[in-house]
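Go by the hints and put chain R onto chain G.
Protein chains in written order, with my numbering: chain G, 20 to 251; chain R, 32 to 447.
Keep in mind that the hints were calculated from the coordinates and are not lab data.
Each residue gets a CB set at the ideal place from its N, CA and C atoms; glycine is no exception.
Incorrect hints may appear among the rest.
Unchecked claim - Partial list, computed: chain G residues near chain R (C-beta under 10 Å):
#, residue
1, Ile75
2, Pro93
3, Arg106
4, Asn118
5, Ala126
6, Arg127
7, Leu242
Claimed, not checked - Pairs of lysine-lysine, DSS-like flavour, derived with a Cα cap of 30 Å:
#, chain 1, residue 1, chain 2, residue 2
8, G, Lys109, R, Lys370
9, R, Lys434, G, Lys109
10, G, Lys141, R, Lys370
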Amino acid sequence: MTTDRPIIQTRGLTKVFGSNGTAVHALRGIDLTVQRGEFVALMGPSGSGKSTLMAIVGCLDSPTSGTYDLDGVPVQGLSGAALARVRNEKLGFVFQTYNLLPRASIARNVELPLLYAGIGRKERRQRALELLEQVGIVEKANALPAQLSGGQRQRVAIARALANRPALLLADEPTGALDSKTGEEVLGLFKELHRRGNSVVLVTHDPHIASFAERRVELRDGLVVEPDAQAA
Amino acid sequence: MKGTGAFRERLVEAWVEIRENLGRSSLQAIGVVLGVASVLGGFSISDSQRRRSDERWTKLGGMDRLVVQQATAVKDGTPTALEAANLGLRGDDREEAEFLDARAIEGATQEKVARGRVRSPYADQDRQVRGIDGDYLPLNGYSIESGRSFSAQERAEGRPVALLGAEARATFFPTGEVIGQTIRVGDIPVVVVGTLEEKVFRWRESDPNWFAWRNRVILLPSVLVARRMNGDRWNRVERVSFRIRDLSVMKTFGEGLETLLRGNHRQQGDFRIDDVAARVRRQQDQGQIYNLIFMLSGVLSLLGGGLVNVNIQMAALKDRVREVGVKMAIGASGGEVFKGFMTEALVLTGLGSLVGLLGGVAFSWAITSLLRIPLFLQPMSFAWALLLAGAFGFVFALYPAWKASRLSPMEALRYE
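Okay, chain G solo, but in the shape it has when bound (with noise of 0.2 Å):
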């Protein structure tokens, strides 16, 4: 693996919803490069196409064309159990609405990615108490999801997307059901994580978060509308 290899790197990626009369180009040829380390905001109004950019980015949908590659490996084409494997190990989401388990304790929310990457029990509870104690919640490890608050869940959301030491991390309006001054601590503990070295790519349709960001890409109609700010 080197360093130098981008993180993200699309070419010609459209998305195409419906057909014929009906057809709604929501990507209509994103050429986008992230690399290695960088702290990206993908920024948009409503419909500009950046949940559907992230949504390829983060391999839980696939492009109409175009191509698009990982870490240095192509990904269209992949099998269904392919991508899944992709999720897994290269990837961690955190969504705006958290998404955990509502029946799983929060340590086993964390386990989750672990126990699909096929790591043994005693090793993912290990690791999930880690990463519950680097975002600073171990002490709820055994609690219902429902006892948390927002921040405290939205927490225990990026240790999980964490659990596999992801190349990327993806944040879907990470601090859009926070309110301020939550959404500053949970920013604040994604620059944290940037500092440390990950990758991260957050979408935002908000200025003021994306200014957390290092580099800012802005879509407007699908297509990338500030070449500039593109590193490639």
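Just chain R, lined up with the frame of chain G:
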């Protein structure tokens, strides 16, 4: 995933899901409970009846017997010359039958019946006495309670000795020692050398003893009865019985015996061969029909329950689409999601089966108590009930699990 306790995790997750959705889970399990209870209950009731029937046959001397009896050759009208000249069942028939296939026969006996006054110091009654030889006692399920059986010499020479059934002993010697005492059968003084154990069988506990008549027997050597009470020069007998070593040769031996007897009896059907095992098998075959009906009702319950299950699971899946999406986003493959849903359905089937087994036992206990017969639970009935429930549970879980595993992670995450 490798062997990392993933199965255990799936079990825990399934258990939590079931516990948290108890109402839905209970509804899902009802079909399994009813199906298992129906199959197990039905089979157990049927088995209990069959076992009772087997006990009866065992007490009657076992099922591996061929019994030849006199039968009326003349149905109606005047007998033909051949019919009139026929001699009926004879001792010679038995001896020749033993040559048919000596290796197949484990035991044989013949019975010669007479009637007369039987007297002791305590009673004086008109009674039937039965002349026996060979293996009469084991062939009829009797065993000696006190004293001894007839010796070979006593049987061969027709010595005046007797064995008394339990009722006969109580009637003719209500008190004191009976062995060595003398009774008079007609004019013949006969020494009692043994008594027989009491034969008791009640289909239901409240029934009178079905075998009371078998305790009335007074047994004498058949040679004695033939020579001094009811004999003739053709050595005619009332009944001949064979015990067949191997049930698989019963049919062949029976056919050979019938051909032999028809030849001996001038082609007249004045005898009846009773293949006890075949009779029992016929009864059991009828029992199998009930088993099939019970199984069918169980299968229908499982089928109905399974279809309800699919519907409930599909509805439940809608509540869990987002959860599936989250799992997929953090690395669960479609296969892992499939296994998760299958585990949950199978755990539910397992729990439903356990409740069904308890229900089945309770149901069969209630019915057998009502019939007043002992409950007999066979491991095979449990196995069948579990096998059917497992098979149906598995098949009906496939579709919802497959649907869940085919969800697009993106659409699942966006699902509201």
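**OP:** Measure nothing beyond the straight line between the CA atoms of Lys141(G) and Lys370(R); if it is 30 Å or shorter, mark the hint as holding.
**Re:** holds, 22 Å
**OP:** Report holds or violated for the interface hint on Arg127(G), using the least CB-CB distance to chain R and a cut-off of 10 Å.
**Re:** This hint holds: Arg127(G) lies near chain R, its Cβ roughly 9 Å from the closest one there, short of 10 Å.
Subject >> Given pair status - Lys109(G), Lys434(R), alpha carbons within 30 Å >> reply: holds, 27 Å
Original post:
Minimum Cβ distance from Arg106(G) to chain R below 10 Å?
Top reply: holds, 5 Å
Original post:
If you draw a straight line from the CA of Lys109(G) to the CA of Lys370(R), is it 30 Å or shorter?
Top reply: holds, 23 Å
**OP:** May I ask you to test the interface hint for Ile75(G) with respect to chain R, counting a Cβ-Cβ separation under 10 Å as satisfied?
**Re:** Holds. Min distance 9 Å.
Original post:
Are Asn118(G) and chain R close enough, Cβ to Cβ, to be under 10 Å, as the hint says?
Top reply: Given a least distance of 4 Å, the restraint on Asn118(G) holds.
**OP:** Would you settle whether the hint for Ala126(G) is holds or violated, based on the nearest Cβ-Cβ distance to chain R being less than 10 Å?
**Re:** With a minimum Cβ separation of about 13 Å from chain R (threshold 10 Å), the hint on Ala126(G) is violated.
Subject >> Restraint check, 10 Å cut-off on beta carbons, for Leu242(G) near chain R >> reply: violated, 21 Å
**OP:** Report holds or violated for the interface hint on Pro93(G), using the least CB-CB distance to chain R and a cut-off of 10 Å.
**Re:** violated, 19 Å
Checked against the numbered hints listed earlier, the structure breaks hints 2, 5 and 7; every other hint is satisfied.
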